[in-house]
Amino acid sequence: MRFSKLLAAGVALIASAAAAQTPMPAYKGIGAPATKQQIQSEDISVSPEGKGLPPGSGSAKEGAAIFAEKCMVCHGPNAEGGKIGPALVSSKDAHESLTTMKPERSLGAYWPYATMVWDYIHRAMPRDKAGTLAPNEVYAVTAFILYKNRIIQETDVLDAKTLPKVQMPNRNGFVPARFADIPDEHKRGCTQGVCP
Amino acid sequence: MDPKKPGRRQFLRNSAALAGLAVGATTVEKSIAAEVPEERVDALHKHGERSHFVDSIRRGSINNPERRLPGEPVAFGLTTPLQDSAGMVTPASLHYVISHGYEPPDINPREHRLLIHGLVDRPMTLSLGDLMRLPSVSRFHFIECHGNSSTGGPGGALRVSPEGTVQDTHGYTSCSQWTGVTLSLLLEQAGLQKGATWIVAEGADDYKHAKSIPIGKALDDALVAYAQNGEPVRPEQGFPLRLVVPGWQGINNVKWLQRINVVDEPYMGMMEITRYPRLLPDGKSRWFEFELGPKSVITRPSGGHRLPAPGFYEITGLAWSGGGTIRRVEVSSDGGQSWKDAQLQDPIARKSHTRFTIPWNWDGEETTLLSRCTDDNGVIQPSLAEVAKIWGTDIDFFKKTTLITSDLNAIQPWRVNRDGSVKNAIF
Numbered sequence: 001m002r003f004s005k006l007l008a009a010g011v012a013l014i015a016s017a018a019a020a021q022t023p024m025p026a027y028k029g030i031g032a033p034a035t036k037q038q039i040q041s042e043d044i045s046v047s048p049e050g051k052g053l054p055p056g057s058g059s060a061k062e063g064a065a066i067f068a069e070k071c072m073v074c075h076g077p078n079a080e081g082g083k084i085g086p087a088l089v090s091s092k093d094a095h096e097s098l099t100t101m102k103p104e105r106s107l108g109a110y111w112p113y114a115t116m117v118w119d120y121i122h123r124a125m126p127r128d129k130a131g132t133l134a135p136n137e138v139y140a141v142t143a144f145i146l147y148k149n150r151i152i153q154e155t156d157v158l159d160a161k162t163l164p165k166v167q168m169p170n171r172n173g174f175v176p177a178r179f180a181d182i183p184d185e186h187k188r189g190c191t192q193g194v195c196p
Numbered sequence: 001m002d003p004k005k006p007g008r009r010q011f012l013r014n015s016a017a018l019a020g021l022a023v024g025a026t027t028v029e030k031s032i033a034a035e036v037p038e039e040r041v042d043a044l045h046k047h048g049e050r051s052h053f054v055d056s057i058r059r060g061s062i063n064n065p066e067r068r069l070p071g072e073p074v075a076f077g078l079t080t081p082l083q084d085s086a087g088m089v090t091p092a093s094l095h096y097v098i099s100h101g102y103e104p105p106d107i108n109p110r111e112h113r114l115l116i117h118g119l120v121d122r123p124m125t126l127s128l129g130d131l132m133r134l135p136s137v138s139r140f141h142f143i144e145c146h147g148n149s150s151t152g153g154p155g156g157a158l159r160v161s162p163e164g165t166v167q168d169t170h171g172y173t174s175c176s177q178w179t180g181v182t183l184s185l186l187l188e189q190a191g192l193q194k195g196a197t198w199i200v201a202e203g204a205d206d207y208k209h210a211k212s213i214p215i216g217k218a219l220d221d222a223l224v225a226y227a228q229n230g231e232p233v234r235p236e237q238g239f240p241l242r243l244v245v246p247g248w249q250g251i252n253n254v255k256w257l258q259r260i261n262v263v264d265e266p267y268m269g270m271m272e273i274t275r276y277p278r279l280l281p282d283g284k285s286r287w288f289e290f291e292l293g294p295k296s297v298i299t300r301p302s303g304g305h306r307l308p309a310p311g312f313y314e315i316t317g318l319a320w321s322g323g324g325t326i327r328r329v330e331v332s333s334d335g336g337q338s339w340k341d342a343q344l345q346d347p348i349a350r351k352s353h354t355r356f357t358i359p360w361n362w363d364g365e366e367t368t369l370l371s372r373c374t375d376d377n378g379v380i381q382p383s384l385a386e387v388a389k390i391w392g393t394d395i396d397f398f399k400k401t402t403l404i405t406s407d408l409n410a411i412q413p414w415r416v417n418r419d420g421s422v423k424n425a426i427f
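Protein chains in written order, with this note's numbering: chain A, 1 to 196; chain B, 1 to 427.
In isolation and in its complexed conformation, chain A is listed as follows:
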C-alpha cells in the first residue's frame, strides 16, 4: 500500500515536471493522451522545407513504371492529362502565362514547393486508393512528374534531403515572401475590405 502510494507520488512528480512549461489542463478526465505510435501513424504533414518526409528514395526511371501502372489511367501516359485526371505537365510557356488573362496554374509552372507534390500524392493519390503508395513509390512518382516538367533529370534521386532542395520555377512567385509577414494581413494596405 505504502509502496504504491509512493510510486503514484513519484509518477505525479515526473508528470508535473514534464508539463512544467504550461499550466495543467483546466478540464480533468477529458480526452486521451495520444501515443507516439498513434501520432506517427496519423501525422502525414510535410512542411515546405521537408519536415515530416519519411526515409526512402526514388528516381524518375523507377517512377515511370509506377506511373504507368497506377496513375496513367487517369492522367495519361505522359502525365499530359486524361479524361478524368488533370494534366500534371506544364506547357513550355506556362510560367509566362501567369501575367496574361489566361494563366496556367499548373504543377510545373505554379506550385512553389516540390515537397507539395510529394505531400499531395501521398495524402490523396491514387484517387480512391489514397495511402496505398509506399514512401519509395511516392518519391519515384514525384521524381517522374518533376522530370516530365523539365525540372529535374531522369536519373536524379529524390529523398528527404534532396526533394526540398528542388527549385520550382514559381518558388518566388508568392507574396508576402516572408512567412512571418503573412499573419499581418492588415499591414497590406487594405481599404474598404479590399487588399491591393
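This list has only true hints and no planted wrong ones.
Covered by chain B, according to a simulated footprint, are these stretches of chain A (three or more residues, beta-carbon under 8 angstroms):
| hint | segment |
| --- | --- |
| 1 | 90–102 |
| 2 | 116–127 |
| 3 | 172–186 |
FYI, nobody ran anything at the bench for these hints, they're computed from the structure. Here the structure is a predicted model, which is why all the values come from computation and not from measurement. Even glycine gets a Cβ: it sits at the ideal position worked out from N, Cα and C.
With chain A's structure known, arrange chain B on it following the hints.
Same frame as chain A, but now just chain B:
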C-alpha cells in the same frame, strides 16, 4: 374507452400505428390517411419536412450529372437560394457547398477522433463525447467562399448575366448558428509550446484537405463545431466536426475535422496554395488571404423577381463582414443619387449575416436599387469601380477575366424595369 383500441388522437400522433389500423379505420381516419402518403406522415412526425409547395433549392453543377464521365471527379458548387431567404439564418439543408471533386465521407461519430499534436505539451485525442462534455458556445457566423460573386471562373457567366439571380451572384454565402468548443480551450488543454505560430487543420475527406491558419486566429475566435442550427452538423458541412473560422474565406472552415497539428510555419496544402492565391497583374500571387470584407446585397426584390404593379414593397437584404459586426446599411432606390439608412433586424452578431429592411414605394419608373454596409471598424463596402482602383485595374478587367476574382465585396446593383422585371446590373 377500450384500452386495446387506440383513440383517434393517439392515432394521429402515432404514425407507426397508422399502417396497422387501415382495416378497422373510421371514415375520418381513412380520409386523413388518403391525404398524405404514410411514409411522408412518418417523416413529418419524426423529423419534419418542408411543404411540397416550397421549391427553393440549391443550384450548381451537380444538377448536370449527365455531363459527368464515369469515375470523373467533378468539382461542384451548390449555391444558397438567397432570393427566398428570410431572417439571417440559412437552413442547414440549403447551406452552400463547394466540393473539390469528392462526395462527403460517411463518418461514424462514435469512432471519430480529433487528434491534437505537434508543438503541444500534451498531445491528445478527443472523441465527440469528450467535446460535448466541455464548456460549449453557440454563435452565429456566416461562411462565405472566397469566390462568391466572382465575375470570372466557373460561375462567372451567370454572375455577370443580366438574368443572374442573387443565388447566382451571391449564393456562396450562408449563415448558421454553430455550437461547439472554442479552439483556444482545446489548445490550452493541450498546452501550447514556445514557437507555436501556426496550426494545420486536416479533414477526413478522401484528399485530406489541409489548411494552415495562424495561431493568433486559432486562439481568437475559431470554433470546433459539432452542431449547426440546433442539430448535428450535416454530412456535406463536415459531420461530425467542422472547424469554424469566423469571417475568413470558406476554405479555412475545415470539414470532417480529424487533426490539428501545431507547427511553427505555414504548411503548403495543395488546395490552399494552388487554387486560392490571387494572381496579381505582374504574375505574382497573393497567398494566404484570409479576412472577407464588408458586403451586402438586396435579396428582395432581386434578379429574376417581377414586381406586379407600382406601389409598396419592402426592400430587404443581407449584410456581413469578416471584420466584425454590421453597424449600418444604406439603401439607394435611385441608382446611388441618394441613400437612406435601413433598419437592422435582431440578432445582429459578429461575423454573421445581418438582415436589413427598408420600406419603398415604387412609382413604376425604371430605377436601380443598391445597398452598401459599414462594419464596426468603420470599413465601408466599396463600389466595383472602387475595387478596381484598389486592385490597380479597371472595370473592363472584371468583364474579361477567366480567373476567380476572390473576395469581391462590391456593391450589387439591381435594375428595376418599367415592366416590373428585375435584372442584374453589375456592368
